[in-house]
Amino acid sequence: MTAQAPANAGGAPQKLHRRQRSQTSDRALFTLTALACVTILAMLVVVVGDVVVGGSKTLSWEFISAAPRDGMTKGGIFPAIFGTVALTLLMTIAAVPAGVATAVYLTEYASSSSRVARWIRVCIANLAGVPSIVFGLFGLGFFIATIGHGIDVAAFGGRPVYGQPCLLWASLTLAILTLPVVVVSTEEALRAVPRELRDASLALGATKFQTVMRVVLPEAIGGVLTGSILAVSRGAGEVAPILFTGAAYFLPYLPTKLNDQFMNLGYHVYVLATQSPDVDRTKPLLYGTVFVLLSLTFLLNVVAVLIRARTRRRARAAL
Amino acid sequence: MSDVQRTEILATTAHEKKAKPSLARSARWGETIAETIVKIVALGSIASVLLILIFVGKEALPLFTSAEVHKEVTPSALFAGTASGYTWQPVSEVPKYNVWPLFAGSLKVTLIALLIAVPLSVAAAIFVGEYAPKRAREIIKPAIELLAGVPSVVIGFFALVVLASWVQRAFGTEHRLNALVAGIGLSFAICPVVFTVSEDALRAVPGSYRTAAIALGSTPSQALLRVILPAATPGIAAAIVLGFGRAVGETMIVVLASGNAALLDADLGHSTRTITATIAQELGEVVVGSPHYRVLFALGAMLFICTFGVNYLGERAVHGMRKKLRGSK
Chain A
1 MTAQAPANAG
11 GAPQKLHRRQ
21 RSQTSDRALF
31 TLTALACVTI
41 LAMLVVVVGD
51 VVVGGSKTLS
61 WEFISAAPRD
71 GMTKGGIFPA
81 IFGTVALTLL
91 MTIAAVPAGV
101 ATAVYLTEYA
111 SSSSRVARWI
121 RVCIANLAGV
131 PSIVFGLFGL
141 GFFIATIGHG
151 IDVAAFGGRP
161 VYGQPCLLWA
171 SLTLAILTLP
181 VVVVSTEEAL
191 RAVPRELRDA
201 SLALGATKFQ
211 TVMRVVLPEA
221 IGGVLTGSIL
231 AVSRGAGEVA
241 PILFTGAAYF
251 LPYLPTKLND
261 QFMNLGYHVY
271 VLATQSPDVD
281 RTKPLLYGTV
291 FVLLSLTFLL
301 NVVAVLIRAR
311 TRRRARAAL
Chain B
1001 MSDVQRTEIL
1011 ATTAHEKKAK
1021 PSLARSARWG
1031 ETIAETIVKI
1041 VALGSIASVL
1051 LILIFVGKEA
1061 LPLFTSAEVH
1071 KEVTPSALFA
1081 GTASGYTWQP
1091 VSEVPKYNVW
1101 PLFAGSLKVT
1111 LIALLIAVPL
1121 SVAAAIFVGE
1131 YAPKRAREII
1141 KPAIELLAGV
1151 PSVVIGFFAL
1161 VVLASWVQRA
1171 FGTEHRLNAL
1181 VAGIGLSFAI
1191 CPVVFTVSED
1201 ALRAVPGSYR
1211 TAAIALGSTP
1221 SQALLRVILP
1231 AATPGIAAAI
1241 VLGFGRAVGE
1251 TMIVVLASGN
1261 AALLDADLGH
1271 STRTITATIA
1281 QELGEVVVGS
1291 PHYRVLFALG
1301 AMLFICTFGV
1311 NYLGERAVHG
1321 MRKKLRGSK
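Taken in sequence, the protein lines are chains A and B. For the first sequence, our numbering gives the first residue as 1, with consecutive numbering after it. For the second sequence, our numbering gives the first residue as 1001, with consecutive numbering after it.
Wrong hints could be hidden among the right ones.
Calculated Cβ distances over 10 Å to all of chain B for the following chain A residues [unchecked claim]:
no., residue
1, LEU29
2, ARG234
3, LEU251
4, ARG314
Okay, the calculated beta carbon distance ranges per label pair [as the list claims (entries may be wrong)]:
no., chain 1, residue 1, chain 2, residue 2, range
5, B, GLU1093, A, VAL45, 48 to 56 Å
6, A, LEU254, B, ARG1326, 29 to 37 Å
7, B, ARG1176, A, ALA42, 18 to 26 Å
8, B, GLY1284, A, LYS257, 16 to 24 Å
9, B, GLY1289, A, SER56, 43 to 51 Å
10, A, ALA28, B, THR1036, 53 to 61 Å
11, A, ILE93, B, GLY1289, 26 to 34 Å
12, B, GLN1281, A, PHE82, 20 to 28 Å
13, A, ARG69, B, ALA1170, 37 to 45 Å
14, B, VAL1162, A, ARG312, 32 to 40 Å
15, A, LEU251, B, ARG1326, 49 to 57 Å
16, B, VAL1287, A, VAL85, 32 to 40 Å
17, A, VAL38, B, ARG1322, 24 to 32 Å
In short, the hints are calculated from the structure, not lab data. Positions of the beta carbon are idealized from the N, C-alpha and C atoms, including for glycine.
Start from the sequences, fold in the hints, and give me the full structure.
What follows is the structure in structure tokens.
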């Protein structure tokens, strides 16, 4: 960094010296930055490796298909898997259409200098940065204490039916949390759709909305899928937002209604790891649960990355 | 100013012209309805941010207004020390609500995480942008995205079970779970954020900068350190700021790995308790509407405002850099 060469580098020996020095600093920079890269990759390998090694011992058909027994020290985690899937499915139903519509508005309808669009972008970016625990507080204060309680007062005579933590409110809370993931990914894909396609469609007499629905969105389906899958993966792994909005440590039944509480893989890990009196006995179970959760999110992530790589390559080929 | 307005008008008229081809009247109605729906949904994101602010704030508000709450805690008591010093002990005979131990805990853990994550991630971004062959890049970037996809509860679990033992063996820390363990665990989650934003910033620097620097006789490393990095500085600053926001707000890693004792000291080997972990652990057990409940929501509101400000600054830095680089092209 301090290799300041003299200003009058005219002579041959000095030149050589300078080149040597610059080669060393080039090489040092290369090595240092490569090392940093390796360190970050090592973080991934260490975490995944540990979970795979620890979890594969526990994993069995019973573990993923049975309910917990004997005070959570034996049996399986099927209710938690079921709860996680139900939660993320509901979340997806809410988040994906809203996210896609937002992205369509931003790229197709709003003019590039629109102030509203700029504010929407600012809010999406900030929504992505709001701490997940704040979403939990929001879910409790807004969905449960205000909306849910309001429904109870209006329709159930104040009896707590929707004014309590449940599947519906937890999934809506998660939907707001994952909205930015869908918007950003969809927007990127919409931008990659060549302008000529829109012009051609409009020139053939299609309306703007028809163009969006039948030409632009089908062309950008890869990005929509990527965003949706990433959102699902993110939602499946989040714990903080559902702490107070619906997750339960143990339930003897599976959730069947929107106002049921549910078990959840991440929440299961959290409670088992912090509140179990006998850590050594629950450790295999913990590893198994973490393994299932990580496999689930990783599988989704890998699929998303593959789809995106393919669509990007296609977009580049089209240009 | 008038120029901006004129381009805006031009843009909107061009926009309207484009939307005209629909001749049938019913189709035009359909169009209007569709556009309105899309726009309303899009406005939902603004509404969400406002609703979060309003409803988290609403639950915290009685802390400032209610005399009932003031019997137990006042806003100034959150920050002022008492005879017993600065303590957070909300569930005791005489509840103590001093937030400094929590602020110190969050700050300690965040700083450790940033000290680890920022140099690593910026260096890795430089490697990917400058040195890595294309094939390596196509492995490294998705791998780091995968790291971003690891749920924080999994990283927290890893920190709790494995990392804590390593750290204790290496540093001989007094408590097994402490600020250092939580900070290192947290850095796992922060690295992908800082990496991605820094990498974007480096890539946004036009290639002509490097070409010009090399043409003027600088070596590749000089071009990198004196031309490209300075040009990307606002973006890298944004990366750090966004990493900070993420670290302060992260919950599950610190709740599992920090030990959760609200101590006010500078020892990294001591157990510590962050703002987020406090909310996560205590809100489940408080009586709704109690002073303790209000204080926890107030902490949440502070977190929200803090991260909102931090993110806004970060976004602005990125935006400003983009604009400058585009303008000088």
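Okay, the hints, checked on the actual structure:
1. LEU29 (chain A), annotated as away from the interface, has a beta carbon of chain B within 10 Å; the closest lies near 5 Å.
2. At roughly 8 Å from the closest C-beta of chain B, the C-beta of ARG234 (chain A) falls inside 10 Å, breaking its exclusion from the interface.
3. At the 10 Å boundary, the C-beta of LEU251 (chain A) stays outside the reach of chain B, the nearest C-beta of that chain being 16 Å off.
4. Distance check for ARG314 (chain A) against chain B: the nearest CB is about 16 Å away, which clears 10 Å, and the non-interface claim stands.
5. Between GLU1093 (chain B) and VAL45 (chain A) the C-beta distance comes to about 50 Å, which sits within the given range of 48 to 56 Å.
6. Separated by about 55 Å at the C-beta atoms, LEU254 (chain A) and ARG1326 (chain B) break the suggested range of 29 to 37 Å.
7. With their beta carbons about 23 Å apart, ARG1176 (chain B) and ALA42 (chain A) fall inside the hinted range of 18 to 26 Å.
8. One distance hint, 16 to 24 Å for the beta-carbon pair GLY1284 (chain B) and LYS257 (chain A), holds here, with the actual separation near 23 Å.
9. At about 47 Å, the CB distance of GLY1289 (chain B) to SER56 (chain A) agrees with the hint of 43 to 51 Å.
10. Checked against the given bound of 53 to 61 Å, the beta carbons of ALA28 (chain A) and THR1036 (chain B), roughly 59 Å apart, stay inside it.
11. Remark: the range hint 26 to 34 Å for ILE93 (chain A) to GLY1289 (chain B) is upheld by a beta-carbon distance near 33 Å.
12. Distance hint check for GLN1281 (chain B) and PHE82 (chain A): the Cβ-Cβ separation is about 26 Å, which falls inside the suggested range of 20 to 28 Å.
13. Taking the beta carbon of each, ARG69 (chain A) and ALA1170 (chain B) are about 39 Å apart, inside 37 to 45 Å as hinted.
14. Range check, VAL1162 (chain B) to ARG312 (chain A): about 36 Å between beta-carbon atoms, so the 32 to 40 Å window is met.
15. At about 55 Å, the beta-carbon gap between LEU251 (chain A) and ARG1326 (chain B) stays in the expected band of 49 to 57 Å.
16. In this structure the supplied range 32 to 40 Å holds for VAL1287 (chain B) paired with VAL85 (chain A), their Cβ-Cβ distance being about 33 Å.
17. For the pair VAL38 (chain A) and ARG1322 (chain B), the supplied restraint of 24 to 32 Å holds, since their beta-carbon distance comes to about 30 Å.
Hints 1, 2 and 6 from the earlier list are contradicted by this structure; the remaining hints agree with it.
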